[in-house]
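Listed below are the residues making up each chain.
Number of protein chains: 2
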Amino acid sequence: MKFSPILSELINSLKCLPGVGQKTAQRMAFQMLERNREGALALSDALRNAMEHVKHCSQCRTFTESELCDICASPIRQQAGVLCVVESPQDVMAVEQTSEFKGLYFVLMGHLSPIDGIGPAEIGLDSLAQMLDSNPVEEVILATNPTVEGEATAHYIAQMCRSREIKASRIAHGVPVGGELEYLDGSTLTHAFSGRRVL
Amino acid sequence: MKFSPILSELINSLKCLPGVGQKTAQRMAFQMLERNREGALALSDALRNAMEHVKHCSQCRTFTESELCDICASPIRQQAGVLCVVESPQDVMAVEQTSEFKGLYFVLMGHLSPIDGIGPAEIGLDSLAQMLDSNPVEEVILATNPTVEGEATAHYIAQMCRSREIKASRIAHGVPVGGELEYLDGSTLTHAFSGRRVL
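Line order of the protein sequences matches chains A and B.
So that you can map any letter, position 148 of the first sequence is 148 in UniProt numbering, and since no number is skipped, the others follow by simple counting.
So that you can map any letter, position 124 of the second sequence is 124 in UniProt numbering, and since no number is skipped, the others follow by simple counting.
Derived from the structure by calculation, the hints contain no laboratory data.
Even glycine gets a Cβ: it sits at the ideal position worked out from N, Cα and C.
Where hints are given, some of them may not hold.
[Claimed, not checked] Computed footprint of chain A on chain B, listed as stretches where at least three residues anywhere in the stretch have a Cβ under 8 Å from a Cβ of chain A:
(1) 17 to 23
(2) 65 to 78
(3) 86 to 94
(4) 185 to 191
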C-alpha cells in the first residue's frame, strides 16, 4: 500500500531539501497536515516568491532580490576601499556578525576545483576583475575557507591583485578563541606559531 | 546586517518544519537557491496542493484526498471482518509493510491524554463506535503504542468492544526479532515471559 497520490507527491518533494530522507519527509508532511496547515501554506508562498525573485547581486554575486544588494548599494561601504572575498552568502553573514568589517564583499559562490570543472569563470573571477578595475580598492582580504581548494582560490586571486598592484591579504589561521592547544591539529598549530605577533 | 526581505521570509517559513532551526533553514534556503530551484518550485506546488486537498478519510480518519481512503474503499478489506486500531497514519504504513494484515484500519490521530484535554471525542471514538455498529466486525486488534497513554487508550476501546460483544485483542509485547535479551528493559522482558507460547 502506498500513500494517496497527493501525499506521495508532497513526501517526494520534501526529499529535495538537504538532509531530508523518506522518514523525515513523512514526519514533516504529517506534522504539517495535522498541526500547521497555515505555516505550510506560508512556506509554499515563500518558496515560490524566493525562487522567482531572488537572484545574484550584479556586483558582489550574493543572493538578493534587488539589482544591487544592500551592502553594495551603501555609499559608506563603497568608499571604504576594502574588499573581502568569501565563498558563500553565509560567510558574508558570519563576517557581518562581527561588525568589524566595513567594506564591500565579493561572493565566489564556491571555490576553484578543476577536478569538478569549476574554473575561474565559474566562480565569477571576471566580475571580480571588473570590480577591482572600476572601484577604488586598496586592499583585498581573502577570507576563503582554510581548505586545499580555499587556499588555492586565495592564491589565484592574490595573483590577480598583484598584477593590478592592489594589496592582497589572507585572514589569519591559528588557535580559535576559547579552544585548547591540546586538542588542536598540527597544521593549525604550525600556522599559529608562524603567524605569532609581538606583544 | 540581515538577509534581504524575501530571503528572510523564506528562512523563517522553513523553520515551521519539525526539527528545522535557524542554521538548517539557512542551509536549506541557500541550497535550493543555488542548486535546485525547480525542486523548490515543485515543493511549493506540492505543499499548496496537499494542504488544500488532503483531509481525513470519512471512515477510518487517515489522511487522504478522497472521501474514502483506498483501504476503506476496498471490498476485500471490508469483508475481512477485522479492524486494526492505530494511533497515526504512519502506523498504518508500518502495518501495511508487513503485508500480514488484510482488514480495515481505524486511525485515532493521537491517544487518550486527559491531562492535555484529549478525551474520547478528540480521538474520534464516536466514529469508531459508528464503524463498529455499521460494519460486520468480528475482531478489533488494538495496535496503539506500548506507552502509558497507548495502553490506556487500548483498554478504553477494549471496553467499547466488550459492550458490543466484539472480540478485542492487543498486539504482543516482547523481545524484538534480532534484539538481545541483555540490553532489554525489565518491563519488556516481563511481557515477553508472561506472553510465552508453547512450542
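Hint by hint, here is what the structure shows:
Residue count for the region 17 to 23 of chain B with a Cβ under 8 Å from a Cβ of chain A: 3. That meets the three needed, and the coverage hint holds. With 5 residues having a beta carbon nearer than 8 Å to a beta carbon of chain A, the region 65 to 78 of chain B meets the requirement of three or more and the stated coverage holds. Taking a C-beta to C-beta cut-off of 8 Å, the region 86 to 94 of chain B contributes 5 residues in contact with chain A, enough for the three needed, and the coverage statement holds. Counting residues of the region 185 to 191 of chain B whose C-beta sits closer than 8 Å to any C-beta of chain A gives 0, which falls short of three, so the coverage hint is violated.
This entry does not satisfy hint 4, going by the numbered hints stated previously; all others are met.
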